[in-house]
Amino acid sequence: MGHNIMGNSSKTVEELTCLRFPPEVISPGLIVVKPENLMDYSWTRLQLQIIVIFLLTQAIHCVLKHFRVSIFTSQILAGIILGPTVFKSPHSLITMSEDSVAILGTVASFGYMLFLFLTGVKMDVSMTYRSGKKPICIGILTVVVPFIVCMLTFKYILDMDQEQFMTTIAFNTAVLNSRTSFPVIYCLLNELKLLNSELGRVGLSAALVGDMLSLFILTICQGVIAAQRLGFKIGMKHLRGAVGFIVLVLFCLGPLLKRMVRKTGEGGKIKRAYLYTAILAFTISHKLSELLGVFILVGPFLVGLVVPDGPPLGSALVEKFDPVVSGFLMPLFAATCGMRVDLSYLKNPSPIVKEHALAAVVTTIAKFGISFLLSFICNMPTRDSLAFGFIMINKGIVDMATYSNINDYVVNYMPMEIFACMTIIIVVTASIVPMLVKALYDPSRKYACYQKRSIMHCKLNEELRMLTCIHVPANVNSLLQILNVTCLTRQSPISLHVLHLIKLSGRATPLFISHDKNWKNLSDNSYSENVVLAFNQFERDNWGAVSVKVFTAVSPMNLMYEDICNLAQHRQTSFIILPFHRRWHVDGNIESEDQIIRSMNNIVLEKAPCSVGILVEGRGHVVQSSLDNSSSFSIAVIFLGGKDDEEALALGRRMSQNKNVKLTIIHLKAGDVSDTMQDEEMLRNVKQSGLYIEKQVNDGTETSKFLRSIVDNYQLFIVGRRYKREDPQTIGLHEWMEFPEIGIIGDLLSSADFSRNNSVLIVQQQQQ
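Taken in order, the sequence shown gives residues 1 to 768; the numbers are from full-length UniProt numbering.
Computed Cβ-Cβ distance ranges for the label pairs, DEER-style: (1) Gly327 with Gly544: 51 to 59 Å; (2) Trp543 with Phe216: 50 to 58 Å; (3) Phe216 with Arg598: 41 to 49 Å; (4) Pro351 with His570: 53 to 61 Å; (5) Lys438 with Arg725: 28 to 36 Å; (6) Arg725 with Ala59: 43 to 51 Å; (7) Asn698 with Leu55: 55 to 63 Å; (8) Ile284 with Arg598: 44 to 52 Å; (9) Arg684 with Arg725: 21 to 29 Å; (10) Ile71 with Ile424: 15 to 23 Å; (11) Ser592 with Lys263: 24 to 32 Å; (12) Ile140 with Met236: 26 to 34 Å; (13) Arg259 with Lys347: 53 to 61 Å.
Okay, derived cross-link-like pairs now, PhoX-like style, lysine-lysine, Cα gap no bigger than 20 Å in a straight line: (14) Lys687 with Lys459; (15) Lys607 with Lys452; (16) Lys237 with Lys287; (17) Lys193 with Lys438; (18) Lys155 with Lys354; (19) Lys724 with Lys669; (20) Lys258 with Lys271; (21) Lys662 with Lys687; (22) Lys695 with Lys705; (23) Lys65 with Lys193; (24) Lys320 with Lys269; (25) Lys503 with Lys193; (26) Lys438 with Lys65; (27) Lys269 with Lys258.
No lab work stands behind these hints, which were simulated from the structure alone.
Note that the structure is predicted; figures quoted are calculated from it, not measured.
Cβ coordinates follow ideal geometry from the N, Cα and C atoms, glycine included.
Use the sequences and the hints to build the structure in full.
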């Protein structure tokens, strides 16, 4: 261990520190080491620190989550408890020595630098100029206006002409208070599941523009500090170094990484050497930016920006590092930021603390006001504009990290009392904003439709607007089969919207691309080339009877329902067709089963502004791509009664207009139950469309036996969903259901012990 030896000379004082080398890292165990000496080993200390931090964070969050407070707040509070606010001695339970603090801080800081790098990788800078004029104006003004307001506030409450030191602090504080952080806005929208909403898209675009502007101002601020501390010449030297670093990254590293991606090719697997190149660039960026005078946290972020987002390189980096960073390193870093805070400085706050607190509050109000005003001018509803204003003032880990960094490295430019005050403002803002946004904005509210948008309410000679969704290429053939048997005539046309859903990977901003030649695409990447070609050919084969528009949505799997419902709402569709979450091989075995798709289908069924159908593909069935004059297609509609079954009848009636379709209506009746007037009217209208079979069944067993006897006679069954509804005809069947969301009859016809040669379309009539 170390000890100090001080000389007796009155002129000089010598300090000698003795270190044990090599350092003791890993403990040999309790067999060799006494329990009281375990903390002498750095790895053991670090493990204890991590355990204590995570346990305390989870304990706090178990209480605060009931008030919808984010986990970030719990992490900061855990750090404050473990810091000097509670432990007045130099070291607490987990900060046993200066060495232990240094090791914990190094691990946490590395995690934050990696977080900044991955944030840059996920960002698509081209969105800053492709997002349109409105988000660009909002992004710029929500930074510039609060900055000016903050500086004007300081002008009246501080005597800037008297002390240059105070002017610099005011300038720094104005920059930090007015900045917009894209990672913070992204985390908020992701937490509230608003990334794909209209408000979320505008917020992300504006935040991206604002973050770019904030980083530029922050770099200028760094140059001002360097010039004041070290002189004008040295400040200019730092500025030249910063420009050189930016040029090196943008014009050397960026083209190199893009060339690597081009060599990989679309759909190819990235080489390890290319991954190592990107990781090496990140590793040296921090030290290089520090040497050249760039703000030390800008280097990793800037290197991440030049990494091409999305597959193959960006996705590979995010998939490898993001789970560790977001789940382990960033909670550790947030806690260490809280451990820097000493709230005891605020017991008797000095005038400078009150002035900075006032300036921060005024700046936040100004930022909220300009955000609300600009969004309101852009024709957003009042509640949405209020929610947008709160989103733009949100603060989080990036703001906390910036204050902590200035407090650590820029000596005397962020006094501890100001740092403590700013921390409280960040924690309060981060706690309140999510609750307010959640209360004000509900994206599903707009899906409530006051018009009848269903097949039943669409006349046979009117255009039927449909939306079909595709996850994998295998969905295309089965959907084309259904569309081919839907009466495609000039007298009964279809307006078809095809939405190709792709999982968001390696990027932060969702994409919504229209493949209409009259629309400007948001990306140069060809995400859906085969899908576009297939449906364009379908349109040419049925010219005049169908019009096709293809879209691609690149978004998180758990938010894809937003894209589906938004497109259905905007295009005023009457019917959505969703692929079932389970698919089969030709031999009848299960090929894939995606529970996330199953969850998405359930949400669409609940929120959709029109009727919805779930298509269960046949097992071992060779799908027809089209119907010629010599082919025929047998369809059976199973009718028990109710709105969903009436919608199934309406779809069957429309399909029966195709001369190659053989429609059979199978009416399952319970002996002592009579049909409603609505059901009788629907049956009367469709009996002329095809063969009508009426079958008396007394319970679910008889229904199952009858369906099993006829299942091989038809290629497609259309049934109503009839969710959570049990009738005499289905008594006892609900106990054997595997997928309750498709109803009793739909689940029965889709089960493995039924025929493998038919498909099932489960239909639900418009609910909202």
